[in-house]
Structures are given as C-alpha cells and as structure tokens.
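Visitor: Letter by letter, the chains look like this.
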Amino acid sequence: MERITPLLWLLFSAGGTVAALFLPVHLFLTGLAFPLGWLEAPSYESVLHLMARPPVRLYLFVIIALPLFHWAHRFRYTLYDGLQLKHLTMLIAVLCYGAAVLGTIVTAYLLWTMP
Amino acid sequence: MNVGPHYTLYHPRWYRRRVSVWWWLQKRSYTGFVLRELTSVFVAFFAVVYLWQLRALAQGPDAYAQFLARLKTPLFLTLDTVAFLFVLFHAITWFNLTPKAMVVRARGKRVPDRVIIGSNYAAWLVVSVAVAVVLLRG
Amino acid sequence: MASTIALTVARYRPEREAAPIFQTYDIPFRKDWVVLDGLNHIKDTQDGSLSFRWSCRMGVCGSCGMKVNGTPKLTCATFLSDYLPGPVRVEPLDYFPVVRDLVVDLSDFMRKLRQVKPWIIREEESPADGEYLQTPEQLDTYKQFSMCINCMLCYSACPIYGLEPSFIGPAVIALAQRYNMDSRDQGAAERHKILSEHDGIWQCTFVGECTKVCPKHVDPAGAIQQYKLTSATRWVKSLLLPWSAR
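Residue numbers (my numbering), protein chains in the order written: chain S, 1 to 115; chain G, 1001 to 1138; chain Y, 2001 to 2246.
Bound-form chain S, shown alone (with noise of 0.2 Å):
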C-alpha cells in the first residue's frame, strides 16, 4: 500500500483536475439545462453519432474513470480522518480503490461494446 500511495495521490489528482474543469459543465447541461428545458437536449441520434467517434468514448472514459479515483482517494482519508475509524483502515482503502476500479471497468467494458 505505501509503494503505491505516490501512484494514488496521481490519480486523485488528475482525477481532481478532470473534475474541477469538466464535471461543472457537465453536470449543469445534464442535470439541470436539459431537464428543465432552458437549453435543448441532443436528440437520441445525435448522442449516438457523436459516441461513434472514437475519441469521444475516450474522452468519456477519462471524465467517468479518473473522478472515481479522485472520490476513492479523498473519501477514504475524510473516513479514516472524519471518522476516526483507524482499525478498519486496511478495509477502507480496499472498499474505496475497489470501487474505483469497478466502476472503471464497467465504464471501459460500456464504451467498448456500445454501438
């Protein structure tokens, strides 16, 4: 765990330069422009059009992956910190980094597959 602690720390922080730049926009067009109707949605179509492009899916992926280990890492010291829950620390880092890496594969697995 500690030889790898400096491969974490990079993660967490593309992860939260990724996030500060891209997730804003993101989440204020997806969660609140297009449901509420104050920008138009792209169709269906289009959002498949735009996917087949391989560059977008990557660029997917790295907006959906590296957040996940940015979370991974920060969540598990505000509980080990926050909580003071030392005794399960072994157990934490597995459960937050175990996260991350599922939801990266399931990303990476979705993105590969899509038509």
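Check the hints yourself; a few may be wrong.
Stated by the list, open to error - Dumping the calculated PhoX-like pairs for lysine-lysine here, alpha-carbon to alpha-carbon at most 20 Å:
| id | chain 1 | residue 1 | chain 2 | residue 2 |
| --- | --- | --- | --- | --- |
| 1 | G | K1100 | Y | K2143 |
| 2 | Y | K2212 | G | K1027 |
| 3 | Y | K2067 | G | K1027 |
| 4 | G | K1100 | Y | K2216 |
| 5 | G | K1100 | Y | K2212 |
FYI, nobody ran anything at the bench for these hints, they're computed from the structure.
Got chain S; can you put chains G and Y on it based on the hints?
Guide: Below, chains G and Y without anything else, positioned relative to chain S:
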C-alpha cells in the same frame, strides 16, 4: 552482571486530551475543510449518473428516453442541483490551491500565484464553452 | 479605554488536578501590552505559581506559543488591545501533552525533527576552494522554508496531527524541504525515505491550517504539497527509468 538499585525516573502526570469525533465542527475552517473533502462524494455521484446514462444509451431509444424522464423528477433535480453546487465548490477550491503544489519558476523568479490561478479559471472557461458547443450543436 | 482586562488562563497542576481548570485574573490594560506581558504581570504580582515558556519576547525564538481564544499564537506577538473588552482565554497548545499550566512537552517534535536530518548533507565535506557559492535565485528557492522558528503553532493547528500523533507534521516537512531545495545539499534521497512513509507527507490532506497560523509565513502546507509532487515524480521516474540511481 551487576544489577544495581533500580530507580524510577520521576515523571509528572502529563495531561493528554482526546480529540473528539466532532473535531471538525469546532472551528469554521475545519468544517469548510470537511465540506471540501465531501465534494468527492458528489464527484462520484456524477460518475455514477453518467455511467447509468451510458447504459441507458446502449439499451436503446426507449431506455434512454426513460432515463431522461427520470432526470426531470424532483428527486433528481434536487440531487443534481446539490451536486452541481458541491462540484463548483470543488472546482473553486481546487483551482485556488494548485499554485501551492506546483511552483512554476520563470527567469529565476517564482510565477505569482494569481497568474496560475488565473490560467486555471481561463482553461475552465475554454473547456466549458467547448463542451457546451459540442453538446448543443448535436 | 479600558483600564483592566481579564485573562482566563488554563491551569494544570498534576499534583492537584486530574484535568485542566480555568482561573481568571484581572490585569491592567495597556495598549502596547501583549498577552505575554499580561502573563508575566500575573506571575510577578498575583500568582507566582503560573508556569509558561517564553524567551526573546520578539517573535524569533518560538518559545511562547499558546492558544489565545482558541487560536494558536505567539503570545509575545498578540496584542491585548485586539481582544477588548476581553476576557482573553489562554490555553496550552493543542495536541501536545500538558506538563503543567501552559507548558507542553515537545519531545515528539524534537524526535521527528532529528529523523529528517535538518542539516546540509554532502558526500564530501568542504569544497576545494573553501566556500560554497550560491546565487540569490538559488537562495530564493528555499528561503521561505528557512524562516521556521520551531514554535509548533502549525502542529497545534493541524487536525491530522491531533488525530494521528504519528504524523511527522508540517514544520518537520517544511524544514526537510528547506534542506532539499538548498543547492549546497546532497541529501534529498536520504530524507526521501522518511518523508515518503505513510506517516510522512502522505498523511497530510492539505487542510491548510498550518500555513494560516504560521507567524513567520513559512507556508508549510505549500512545502508539503510540493514535496508530494516531487515524491510522485520521483516514483514515476523510478518506474520508467529504474537504472537512474536517484
């Protein structure tokens, strides 16, 4: 071996205070810090919602329409608003803190923090506009 | 202007109390007095049993660190006039064991400081022509971190140090950086071993309180984040270029 008399060093009884599990409520800056850390939960929420959307997309136009309808429910609108605010808080605190981790030196002097922060916000603006253009043009 | 102000001081006499109690003293208010002046007045005229550390009374020795109204401060640099009408609560620094009254035990910090080797490490001792040369730009890279006076306010402000006493702490990392960044030093690899342990830099979650309370503007939080990046870069390099010694 010669074992002489064993003296115990006089040690005054030191007082050690236990840190309360509510330590983060005791100071405003601590609470702000914990809120900042909790933004990660909403970052993960975004990832999950987008994964769900991808899955709906893969399942066909009806599933996708159903998913979009779900996003219009009051529950999701509330969740999305809260998530948006937290992610915004994450972005602002993240950009403001990057110069601490990355010291850029140009011509022997350290580039002032506000230049780095300013470039972060500029990049954010460019990225957001680009994404919006792509998604709105269809 | 007020003529007196109240100081509510934490007292702990292990032979008498099981836990700290508060005692309030009224002292004359002078607009140029600092909290330390008030404490000395109490000790000189009201209660000689009050115990506290102080030395230079001008903010360079780092001895008089205490909590004033909940915030870690140097009592020789904290003016009573900023706390009118009072009372002013004076307590020992958090997260260190209290020995007596306002005196805390700092041996944990001393031990950790030694571990990180805060001195110039060279392969060969002195250069051939008798002195090291350093440009102002080279000095500028580490000068801020050299301002640390070991006052421990940062440890008292760091919640991670409170929750995890094995954490090496802000001042120690800042001082390690002061030497790592010094152009005369060749010991970065040695310090890296201790800093990159779990109780080294990786315990830090960038709360930032340490930088807020530092009276000498050392910015230990910045030092720690910079070292995280250095350590991560080093890790990547060791993965990609395992043959490079550093």
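Visitor: Against this structure, judge whether each hint is valid.
Guide: Going down the list of hints, with the structure as the test:
no., hint, in the structure
1, G:K1100 <-> Y:K2143, "holds (16 Å)"
2, Y:K2212 <-> G:K1027, "holds (13 Å)"
3, Y:K2067 <-> G:K1027, "holds (14 Å)"
4, G:K1100 <-> Y:K2216, "holds (17 Å)"
5, G:K1100 <-> Y:K2212, "holds (13 Å)"
Of the numbered hints stated above, none is contradicted by the structure.
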